[in-house]
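Chains A and B, in that order, give the protein sequences.
The first sequence begins at -15 in the numbering used here and counts up one residue at a time.
The second sequence begins at 3 in the numbering used here and counts up one residue at a time.
Worth flagging that the hints you see were computed from the coordinates, not collected in a lab.
Just so you know, even glycine gets a beta-carbon here, dropped at the ideal spot from N, CA and C.
Be aware that a few hints might be false.
Unchecked claim - So these bits of chain B aren't anywhere near chain A, every CB distance computed over 10 Å:
1. THR15
2. GLU71
3. LYS196
4. ALA205
5. VAL221
6. ARG241
To be verified - If you want the footprint, here are the derived chain B segments under chain A, 3+ residues with CB under 8 Å:
7. 103 to 113
8. 141 to 152
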Amino acid sequence: MFSHPDYYNLDELFTEEEKLVRQTVRDFVDNEILPIIEKSARDGVFPLHLVKKMADIGLFGITLPQEYGGAGMNSTCYGIAMQELERGDSGIRSFASVQSSLVMYPIYAFGSEEQRLKWLPRLASGQAIGCFGLTEPDAGSNPSSMTTNAKRVEGGFLLNGAKMWITNGTLADVAVVWGKLDGVVRGFLVEKGMAGFTAPEMKGKHSLRASVTSELVFQDVFIPEENMLPGVEGLKGPLSCLTQARYGISWGVVGAAMACYDSSLHYAKSRIAFDRPIAGFQLIQDKLVWMLNEITKAQLLCWRLGKIKDQNTLRPQHVSLAKRNNCEMALTIARMSREIHGANGILDEYPIMRHAANLESVKTYEGTHEMHTLIIGQDITGLSAFV
Amino acid sequence: MNILVCISQVPDTTTRVAVGTDGSSINPAGVKFILNPYDEFAIEEGLRLREKSGGTVTTVTVGPDTSKEVLRTALAMGSDTAVFVKDESRSDSFVVASSIADLAKEITPDVILFGRQSIDFDSFALPSMVGELLGWPNISMVSSLTIEGTQVSAERDIEGGKESVSATLPCVISAQKGLNDPRYPKLPDIMKAKSKPIADRVATVVEPRVVTLSMTLPVSKRLNNIMTDSDADIDQLVRLLHEEAKVI
Ligand SMILES: Cc1cc2nc3c(=O)[nH]c(=O)nc-3n(C[C@H](O)[C@H](O)[C@H](O)COP(=O)(O)OP(=O)(O)OC[C@H]3O[C@@H](n4cnc5c(N)ncnc54)[C@H](O)[C@@H]3O)c2cc1C
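Given these sequences and hints, build the entire structure.
Next comes the structure, spelled out in C-alpha cells:
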C-alpha cells in the first residue's frame, strides 16, 4: 500500500476537494494503471482502454469550464491529478498532459467558438484524442527555426513540413500543429484523414514505452480557413501551452519520485544484509533522507506554484524553475532508488527502472534542463546565453 | 425510494496510530483519515437503488468536525444531501446508533445502508443496533441485494457459502465487500459537491452502554524460530505456512 511522504504536513494546506481529487486519482492509479502498466511498458504499447476511463473521471481539461466538458477546478487540482497519474507512469501522465494542456488549452485559449464547441467536449470525454506538433527533426530546443509552413490558397492553406517526437501523434484525431505563415508562427488544427497527412509511430524507445510517440508528415495538406487558431500569432502561442504543460510536469514528477521513495523505504526496511535491515546503514539512510528532503522541497514548490498560477502572478520563468528542479530531483531519486533495491532494482517487479527510464524523457521534453537554466539565467541577469 | 447511507471516517490503513494521553483513545495528531472502505459499497448501493427506483440518497456521519470530509466524498459520488451529526465524545456504538435512529425517525428512509464494519473499532454493532432501535429487520454482510416494491431479497456471505434471505421494507442492510464495484467520484462532481448542502444536526444525548477503559498497542515479539535445511525443519516450515500463515 502506497502512502505519500508528507513530512511537513502539507495536507493542512490542501482543501477538501484537492484532497478528494488526490484520493480519486490515487485509487484510479492503484486499480486501473498499476496492475497493467509493467506489461504495457514491456510490450511498448499505450493502454488505449484507459482513455475512456480517464475521461470518465474527468481527467481531461480539469481547469477548463464545465460548459466545455472541463471540471472547472483550480490549478492545484490539476497539478495534484498529474502527480498521482505519474506515480503510476510518466507515459500515462504525458497522455493527460498533452490532451489537457497542449490540445484543449490552446483550442480554449486561442480557438474560435466553433472550434471550442467542435473539439473540447469530444476531447474531454475521450471520444477524440489530440496531439501537439511543435518539435521538428531539426528544430528542438530552438523552435523558432521550424520549417513547417503554410501557404494561402483559395479557402484555406496548404501545409508542408514534418514534426517529430510527437506524443499521441498516431492516435490523434486532431493535431495542433505550429507552422509559419508568411514567416509568422500560427496554430493549425490538422484532422486525422486529411489528404497528405500521415503520422507513423516512432519505435525503439527505451523510455516512455507505454506512450505513443510519432512523426507527423504534411505533404500539401489542405487546411480549411476555419481550422487555423485565430487567437494567437508568433511563438508565444506554443510557448504559452508549454507553460501549462510544464506546470503539470512539475507536479507529475513528484509522483514518480514518491513512488520510488516509498518503494525504497519499504525495501530498505525489509532487505537484510550483514544480518540487519539495510535501512539501518548510514549510507542507505543518507540516500533515503536525501530523497525525502528533495521531495519535501519539491512539494512546497508545487504548492506555491499552484497558488501563484491561480493568482495570475505566475511567470513562465517560475514554471521553468520548478520543472528544472523537480525533473532533476525525480530522476536522481529514481537512480538512487535503483541502487537501494540492488539487483531487484532492475526487475519489473518494482516500478523503479521504468520510472528512471521514463524520467530521462521528462527531463528532456518540454524544454531540456539546460534550456530552463538559460531561461532563468536570462531572467536574473538580463543577459541571454542561448547563442 | 428514500435511502439513508451511514458512513464513517477511519484512520488510513497505512497510518501508524498512537494512543492518546488519556490512555483510552487514539491520538488524532498526524493520522491520515479516509472513508471507511466498506462504506464505499454502501454508498454505491444507495446510488444504484436511486438510479433504479428514483428517490433521494442522504448520507450521514456521526463524529468530530474532521469527519465531515467523508460526506464530501459521498456527495461527490452522487449522494443528494448529507447530514453531519457532531459528536466529539467518541463513545460507544450505542451512542452513535441512537443519533442515527433518531435521524431515521425524522426523515423516514425506506432503507438504511451501512458498511459491514468500520475498520478502526471493528465492533460490527451499529447496523444491528439501529435496526433494533427502530424495530426494523436487519440483514448483515450482504453481498447481493434486490428490492422490488417493498420486498427485499438478499444474499449473505456465511462461512463456506451463501445464504438467501428476504425481508420487507423498511429495513437495515450492511454491505459486504463485493456487493458492487464502487464508482470513482468524477472531478466535475467533486466541484459540484462543494455547493451541495450538509445539514448540521445535534447528537442524541444518551449514556454509553460500554466504556473504554484503556487502549494499548500490540507488542511485537520475535518468535525466534530459526529453521535449518534439515528435512524435519522443511516439513515443519511447510506445515506452518499452510496451517498458521495460511499462505499455501
Ligand atoms: C518521449 C518524447 C515525447 C515528446 N513529445 C513531444 C510532443 O508531444 N510535442 C513536441 O512538439 N515535442 C515533443 N518532444 C520533443 C521534445 O520537446 C524535444 O526533444 C526537446 O525540446 C529537445 O529537443 P531536441 O531533442 O531536438 O534536442 P536539441 O535541441 O538538439 O538539444 C540537444 C542537447 O543540446 C542542448 N542544447 C541545445 N541548445 C543549447 C544551448 N543553446 N545551450 C546549451 N545547451 C543546449 C540541449 O539541452 C540538449 O541537451 C518529445 C520528446 C520525447 C523524448
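Hints, one by one, checked against the model:
The Cβ of THR15 of chain B does not lie farther than 10 Å from every Cβ of chain A; its closest approach is about 6 Å, which violates its non-interface assignment. At roughly 6 Å, the least C-beta separation between GLU71 of chain B and chain A is not larger than 10 Å, which violates its mark as non-interface. Taking the minimum C-beta to C-beta distance to chain A, about 6 Å, the non-interface status of LYS196 of chain B is violated against the 10 Å cut. Non-interface status of ALA205 of chain B relative to chain A is upheld: no Cβ of that chain comes within 10 Å, the nearest being about 22 Å off.
With a least CB separation of 19 Å from chain A, VAL221 of chain B remains clear of the 10 Å interface cut-off, as annotated. Consistency note on ARG241 of chain B: stated as away from chain A, and its beta-carbon is indeed over 10 Å from all of that chain's, at 24 Å minimum. Given a C-beta distance limit of less than 8 Å, the hint that chain A covers the region 103 to 113 of chain B is violated, as 0 residues qualify and 3 are needed. Look at the region 141 to 152 of chain B against chain A: 0 of its residues bring a Cβ nearer than 8 Å to a Cβ of that chain, fewer than three, so the hint is violated.
Violated hints, listed in ascending order, are 1, 2, 3, 7, 8; each of the other numbered hints is respected by the structure.
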